[in-house]
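Assemble the complex: chain X is given as a structure, and chain S must be docked to it using the hints.
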Amino acid sequence: MADIEIRNVYKIFGQDAKAALAMAKDGLDKSEILARSGCSVGLNDVSLTIGAGKIFVIMGLSGSGKSTLVRHINRLIEPTSGQVVFDGSNILELDAKALRTFRMHRVSMVFQSFALMPHRTVLQNVVYGQRVRGLSKADSRDIGMKWIETVGLSGYDAKFPHQLSGGMKQRVGLARALAADTDVILMDEAFSALDPLIRADMQDQLLQLQQNLSKTIVFITHDLDEALRIGSENAILKDGQVVQVGTPDDILDKPANDYVARFVQRRQGRPEAHD
Amino acid sequence: MFPDSLNLSIRAPVNEFIQTLVSSYGWVFKAISAVILKAVLFIEWILRGLPWWVVILAFMALAWQSSKRWTLTVAVGALLFFVGVLGLWDLTMQTLALMLMATLVSVAIGVPMGILVAKSRLVRNITLPVLDVMQTMPSFVYLIPALMLFGLGKVPAILATIIYAVPPLIRLTDLGIRQVDHEVVEAATAFGGSPNQILFGVELPLATPTIMAGLNQTIMMALSMVVVASMIGARGLGEQVLNGIQTLDVGKGLEAGIGIVILAIVLDRITQGFGKSRTEDPRNG
Numbered sequence: 001m002a003d004i005e006i007r008n009v010y011k012i013f014g015q016d017a018k019a020a021l022a023m024a025k026d027g028l029d030k031s032e033i034l035a036r037s038g039c040s041v042g043l044n045d046v047s048l049t050i051g052a053g054k055i056f057v058i059m060g061l062s063g064s065g066k067s068t069l070v071r072h073i074n075r076l077i078e079p080t081s082g083q084v085v086f087d088g089s090n091i092l093e094l095d096a097k098a099l100r101t102f103r104m105h106r107v108s109m110v111f112q113s114f115a116l117m118p119h120r121t122v123l124q125n126v127v128y129g130q131r132v133r134g135l136s137k138a139d140s141r142d143i144g145m146k147w148i149e150t151v152g153l154s155g156y157d158a159k160f161p162h163q164l165s166g167g168m169k170q171r172v173g174l175a176r177a178l179a180a181d182t183d184v185i186l187m188d189e190a191f192s193a194l195d196p197l198i199r200a201d202m203q204d205q206l207l208q209l210q211q212n213l214s215k216t217i218v219f220i221t222h223d224l225d226e227a228l229r230i231g232s233e234n235a236i237l238k239d240g241q242v243v244q245v246g247t248p249d250d251i252l253d254k255p256a257n258d259y260v261a262r263f264v265q266r267r268q269g270r271p272e273a274h275d
Numbered sequence: 276m277f278p279d280s281l282n283l284s285i286r287a288p289v290n291e292f293i294q295t296l297v298s299s300y301g302w303v304f305k306a307i308s309a310v311i312l313k314a315v316l317f318i319e320w321i322l323r324g325l326p327w328w329v330v331i332l333a334f335m336a337l338a339w340q341s342s343k344r345w346t347l348t349v350a351v352g353a354l355l356f357f358v359g360v361l362g363l364w365d366l367t368m369q370t371l372a373l374m375l376m377a378t379l380v381s382v383a384i385g386v387p388m389g390i391l392v393a394k395s396r397l398v399r400n401i402t403l404p405v406l407d408v409m410q411t412m413p414s415f416v417y418l419i420p421a422l423m424l425f426g427l428g429k430v431p432a433i434l435a436t437i438i439y440a441v442p443p444l445i446r447l448t449d450l451g452i453r454q455v456d457h458e459v460v461e462a463a464t465a466f467g468g469s470p471n472q473i474l475f476g477v478e479l480p481l482a483t484p485t486i487m488a489g490l491n492q493t494i495m496m497a498l499s500m501v502v503v504a505s506m507i508g509a510r511g512l513g514e515q516v517l518n519g520i521q522t523l524d525v526g527k528g529l530e531a532g533i534g535i536v537i538l539a540i541v542l543d544r545i546t547q548g549f550g551k552s553r554t555e556d557p558r559n560g
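Line order of the protein sequences matches chains X and S. The numbering of the first sequence is my numbering, which starts it at 1 and goes up by one. The numbering of the second sequence is my numbering, which starts it at 276 and goes up by one.
These are calculated hints, taken from the structure and not from any lab test. Note that the Cβ used here is the ideal one computed from N, Cα and C, for glycine as well. Just to be clear, a hint being listed does not mean it is correct.
[What the hints assert, rightly or not] Covered by chain S, according to a simulated footprint, are these stretches of chain X (three or more residues, beta-carbon under 8 Å):
| id | stretch |
| --- | --- |
| 1 | 100-106 |
| 2 | 124-137 |
[Claimed, not checked] Pair ranges (Cβ atoms, derived):
| id | chain 1 | residue 1 | chain 2 | residue 2 | range |
| --- | --- | --- | --- | --- | --- |
| 3 | S | I401 | X | R36 | 32 to 38 Å |
| 4 | S | M412 | X | E5 | 58 to 64 Å |
| 5 | S | F357 | X | K137 | 19 to 25 Å |
| 6 | X | V85 | S | Q410 | 52 to 58 Å |
| 7 | X | D225 | S | L379 | 55 to 61 Å |
| 8 | S | N400 | X | L252 | 50 to 56 Å |
| 9 | X | T101 | S | F475 | 15 to 21 Å |
Isolated chain X, as found in the complex:
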């Protein structure tokens, strides 16, 4: 089980990151920093504690930095400043080899547009994590078949990704992350490209899996409904800053500011989509 702690992370995109970082620390806002230094601020002093064995949802609109933030947890993106502490150790100190081992064994990821390898079959895609670790084809096959069955794709193991529908592709993506057998799964807008019905199915399946496996899942979404439905804790991001962290009830009952309140109001304008 792994706790993830993100401590005062800043991410600046652009040439003159140092100057822009100083401005961000002085409390200038995003547009002002862009005007003065030409750099864009991806994350601005983000600190979060993500508890083990739960679904933690990071919600924000496009451009809020949520996809950037989740990529810090497996260091696909390096922060400009700050710490990412995983189970008590700062993963920013890992060298290239240790980082690969960390990615193989501790964190896996599901992507918005699936990111399956088009030249590999469903089974070969699912066992990719096991294969890069050096597990033999024969040994990884059993693991792969088990997870293909779990996500409901039995019989599709020899198909190629282009033969599957969007929902099925994302099941493959999910099976690939589960087959890697890591304690943490990052899901970057994993269900956003799916149509509403399949999406609801996938959410149910994820909740079910979570109950059985109790993984730590960091789930990114731009949809408040989805966030409230599957998250046991939610963080709302705006312009690279955390606006509010809390349980779904906290967010509904005590919105931290107008921005969150507007979201909640729009949601209450609609009939309940579930339970």
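For chain S alone, coordinates are given in the frame of chain X:
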């Protein structure tokens, strides 16, 4: 008139440089020359040693393998048969040997170079202008020093062909690798793939259609060099064309020209087929 006092010539230093190369390092070039010559003679020995129908069958098998189409397979057989009927079989095999050698060396240089260009901005900034020069510099300019360093015959012809034909392969390998879906590479990275695992397991397989298109271009450009190569003593179809020009024998030149075109068509169709069959499926679901 441009004032003479501002003239600056690089003629003398370049000539001197080539002279020193020839006189002091001649043995290096001789050694390289010997290796290349041995390899090309070996290929030629195989191609000319095999019975004609074995060669035709081998080409038909390749055509079938690459396209899975009977029409193309039969057409390839018929075209090559026609070359034999024209009395150009032996010359065609000589040209083919030259072509294969130039292509093999081009692949050995082009693909790794293309990978480096795709991976490193520095290499890229240096290489791309060099490729432009290689493609636009008239080939006779480097044929002369090649002659001085390697002597008359097949070797300078092969080297000149490589210089002319390798750029498209480098460019398209680079393009193919950079075109691989960024998210797929990111996924491979996220699951702990090492740079080598990602290169050989993800990037190169996905770039294969583009790399094959580059190989196709390289072969076509190499074929367009055969007449020029014959001027420095490479035998084969090009020599026949040159002969036809020199003796005003239009028919002879045309015959050999047809031979070159047929070789081009056959090689083009076969390599194109391989490019397509690796794609799995161009449709996106």
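Tested hints:
1. 100-106: holds (count 6)
2. 124-137: Since 4 is at least three, the answer is holds.
3. S:I401 with X:R36: 32 to 38 Å: holds (35 Å)
4. S:M412 with X:E5: 58 to 64 Å: holds (60 Å)
5. S:F357 with X:K137: 19 to 25 Å: violated (47 Å)
6. X:V85 with S:Q410: 52 to 58 Å: holds (53 Å)
7. X:D225 with S:L379: 55 to 61 Å: Cβ of X:D225 to Cβ of S:L379: about 60 Å, so the range 55 to 61 Å holds.
8. S:N400 with X:L252: 50 to 56 Å: holds (55 Å)
9. X:T101 with S:F475: 15 to 21 Å: Holds, since X:T101 and S:F475 (Cβ atoms, about 20 Å apart) stay within the stated range.
Checked against the numbered hints above, the structure breaks only hint 5 and satisfies the rest.
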